[in-house]
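Fit chain B to the known structure of chain A by using the hints.
Sequences listed follow chains A and B, in order.
Quick note on numbering: the first sequence equals residues 1 to 116 in the working numbering.
Quick note on numbering: the second sequence equals residues 1001 to 1112 in the working numbering.
Derived from the structure by calculation, the hints contain no laboratory data.
Check each hint, because a few of them may be wrong.
[Unchecked claim] Cut-off 30 Å, straight-line C-alpha distance, at most; resulting in silico cross-link-like pairs (DSS-like, lysine-lysine):
#	chain 1	residue 1	chain 2	residue 2
1	B	LYS1071	B	LYS1056
2	A	LYS14	B	LYS1042
3	B	LYS1042	A	LYS66
4	A	LYS41	B	LYS1095
5	B	LYS1042	A	LYS55
6	B	LYS1042	A	LYS41
7	A	LYS41	B	LYS1099
8	A	LYS64	B	LYS1042
9	B	LYS1071	A	LYS41
10	B	LYS1071	A	LYS42
11	A	LYS41	B	LYS1109
12	A	LYS64	B	LYS1099
13	B	LYS1095	A	LYS64
14	A	LYS42	B	LYS1068
15	A	LYS55	B	LYS1099
16	B	LYS1068	A	LYS20
17	B	LYS1099	B	LYS1056
18	A	LYS42	B	LYS1056
19	A	LYS66	B	LYS1095
20	A	LYS20	A	LYS55
21	B	LYS1099	A	LYS66
[Stated by the list, open to error] For each label pair, taking beta carbons as the anchor points, the in silico distance ranges come out as:
#	chain 1	residue 1	chain 2	residue 2	range
22	B	LYS1109	A	ARG10	24 to 34 Å
23	B	LYS1071	A	GLU59	14 to 24 Å
24	B	THR1104	A	GLY61	15 to 25 Å
25	A	SER83	B	LEU1111	42 to 52 Å
26	B	GLY1083	A	SER89	23 to 33 Å
27	A	LYS14	B	GLY1059	40 to 50 Å
28	B	LYS1042	A	THR57	20 to 30 Å
29	B	LYS1068	A	GLN29	16 to 26 Å
30	A	MET45	B	SER1028	18 to 28 Å
31	A	LEU116	B	LYS1042	19 to 29 Å
[Unchecked claim] Far from chain B by the CB rule (all over 12 Å, computed), these chain A residues:
#	residue
32	LYS14
33	GLY16
34	GLN29
35	MET45
36	ASN51
37	LYS55
38	THR78
39	THR82
40	SER89
Quick reminder that beta carbons are idealized off the backbone N, C-alpha and C, glycines included.
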Amino acid sequence: GAVVSQHPSRVICKSGTSVKIECRSLDFQATTMFWYRQFPKKSLMLMATSNEGSKATYEQGVEKDKFLINHASLTLSTLTVTSAHPEDSSFYICSARGTSGQETQYFGPGTRLLVL
Amino acid sequence: GESVGLHLPTLSVQEGDNSIINCAYSNSASDYFIWYKQESGKGPQFIIDIRSNMDKRQGQRVTVLLNKTVKHLSLQIAATQPGDSAVYFCAENMKGTYKYIFGTGTRLKVLA
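Just chain B, with the same shape it has in the complex:
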């Protein structure tokens, strides 16, 4: 399944399928990008990050893609599991400030 981020804040996928969560970031000068997972009533949990000099980075079951031309970031989750159900936020680091700008978030629902 694929979301368009800002326009479809909820993404439902079948367990075992791959998920793609998208994010459009705002500042072309941002040089560091992070994906966080937030479960209900908890703080954001770091998933994966990528610097602006890269266009792809892989972790365990997750991949982040960065397209600086269109200021787009995506998070791919392979073989989505029920434990992946949460809200996912992208964040961009404003170069030189260490401050983050967070995206609006996408809720991922994993269907059994």
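If we strip away everything but chain A, and leave its shape as in the complex, we get:
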């Protein structure tokens, strides 16, 4: 149980285009989903917290107009990187927390984004 998927697993795009990444909880309902960014050989940096049916809460320094987050259902959250630039290239990972109030986050496999 507690499986989280992400799609796509890797994407290459041209500078200036937008990219959408999907995060799905496959066998549980996720009240809250989180989006992280990870640079090579570094730790995970929380970008935003997404609650179903409400606006995402962004961490300090993360541009909400640059990284659009939608959490339309209890099993799906999307992250759209708008007008992507090479510095947006990174490993993006989502996690999901169940509805039971449990704190445990289960992570997706990550999406490798390369902006040319």
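Same frame as chain A, now just chain B:
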């Protein structure tokens, strides 16, 4: 083998030996702690967790120890295997927020 976490990000151990990975957490109000394993190019995988009202918890081949006095967390892996090679992160849950603060990570290398 034993690491000091932040100061020695890589821990090399012989196959079959026990491993100890350390983590210093930052917030004395954190009430829930988790260890994750991350293999190259993959997302973090849950290993074991512990609540602040406990000081030890055991799983299969893994044990987590929590010392709230010095804000220290450790992960012990018994009989380390090649498949244990990965980066290990500790995470603390900020009480009341469900947000995690991740440690910097320790790379575990298992030598044959």
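Status of each hint after checking the structure:
{"no.": "1", "hint": "B:LYS1071 - B:LYS1056", "verdict": "holds (14 Å)"}
{"no.": "2", "hint": "A:LYS14 - B:LYS1042", "verdict": "holds (24 Å)"}
{"no.": "3", "hint": "B:LYS1042 - A:LYS66", "verdict": "holds (24 Å)"}
{"no.": "4", "hint": "A:LYS41 - B:LYS1095", "verdict": "holds (28 Å)"}
{"no.": "5", "hint": "B:LYS1042 - A:LYS55", "verdict": "holds (28 Å)"}
{"no.": "6", "hint": "B:LYS1042 - A:LYS41", "verdict": "holds (13 Å)"}
{"no.": "7", "hint": "A:LYS41 - B:LYS1099", "verdict": "holds (22 Å)"}
{"no.": "8", "hint": "A:LYS64 - B:LYS1042", "verdict": "holds (26 Å)"}
{"no.": "9", "hint": "B:LYS1071 - A:LYS41", "verdict": "holds (24 Å)"}
{"no.": "10", "hint": "B:LYS1071 - A:LYS42", "verdict": "holds (22 Å)"}
{"no.": "11", "hint": "A:LYS41 - B:LYS1109", "verdict": "holds (14 Å)"}
{"no.": "12", "hint": "A:LYS64 - B:LYS1099", "verdict": "holds (18 Å)"}
{"no.": "13", "hint": "B:LYS1095 - A:LYS64", "verdict": "holds (25 Å)"}
{"no.": "14", "hint": "A:LYS42 - B:LYS1068", "verdict": "holds (26 Å)"}
{"no.": "15", "hint": "A:LYS55 - B:LYS1099", "verdict": "holds (16 Å)"}
{"no.": "16", "hint": "B:LYS1068 - A:LYS20", "verdict": "violated (41 Å)"}
{"no.": "17", "hint": "B:LYS1099 - B:LYS1056", "verdict": "holds (23 Å)"}
{"no.": "18", "hint": "A:LYS42 - B:LYS1056", "verdict": "holds (28 Å)"}
{"no.": "19", "hint": "A:LYS66 - B:LYS1095", "verdict": "holds (29 Å)"}
{"no.": "20", "hint": "A:LYS20 - A:LYS55", "verdict": "holds (17 Å)"}
{"no.": "21", "hint": "B:LYS1099 - A:LYS66", "verdict": "holds (22 Å)"}
{"no.": "22", "hint": "B:LYS1109 - A:ARG10: 24 to 34 Å", "verdict": "holds (26 Å)"}
{"no.": "23", "hint": "B:LYS1071 - A:GLU59: 14 to 24 Å", "verdict": "holds (22 Å)"}
{"no.": "24", "hint": "B:THR1104 - A:GLY61: 15 to 25 Å", "verdict": "holds (18 Å)"}
{"no.": "25", "hint": "A:SER83 - B:LEU1111: 42 to 52 Å", "verdict": "holds (46 Å)"}
{"no.": "26", "hint": "B:GLY1083 - A:SER89: 23 to 33 Å", "verdict": "holds (30 Å)"}
{"no.": "27", "hint": "A:LYS14 - B:GLY1059: 40 to 50 Å", "verdict": "holds (46 Å)"}
{"no.": "28", "hint": "B:LYS1042 - A:THR57: 20 to 30 Å", "verdict": "holds (27 Å)"}
{"no.": "29", "hint": "B:LYS1068 - A:GLN29: 16 to 26 Å", "verdict": "violated (33 Å)"}
{"no.": "30", "hint": "A:MET45 - B:SER1028: 18 to 28 Å", "verdict": "holds (22 Å)"}
{"no.": "31", "hint": "A:LEU116 - B:LYS1042: 19 to 29 Å", "verdict": "holds (24 Å)"}
{"no.": "32", "hint": "LYS14", "verdict": "holds (23 Å)"}
{"no.": "33", "hint": "GLY16", "verdict": "holds (27 Å)"}
{"no.": "34", "hint": "GLN29", "verdict": "holds (15 Å)"}
{"no.": "35", "hint": "MET45", "verdict": "violated (8 Å)"}
{"no.": "36", "hint": "ASN51", "verdict": "violated (10 Å)"}
{"no.": "37", "hint": "LYS55", "verdict": "holds (16 Å)"}
{"no.": "38", "hint": "THR78", "verdict": "holds (17 Å)"}
{"no.": "39", "hint": "THR82", "verdict": "holds (23 Å)"}
{"no.": "40", "hint": "SER89", "verdict": "holds (15 Å)"}
Of the numbered hints listed earlier, those contradicted by the structure are 16, 29, 35, 36.
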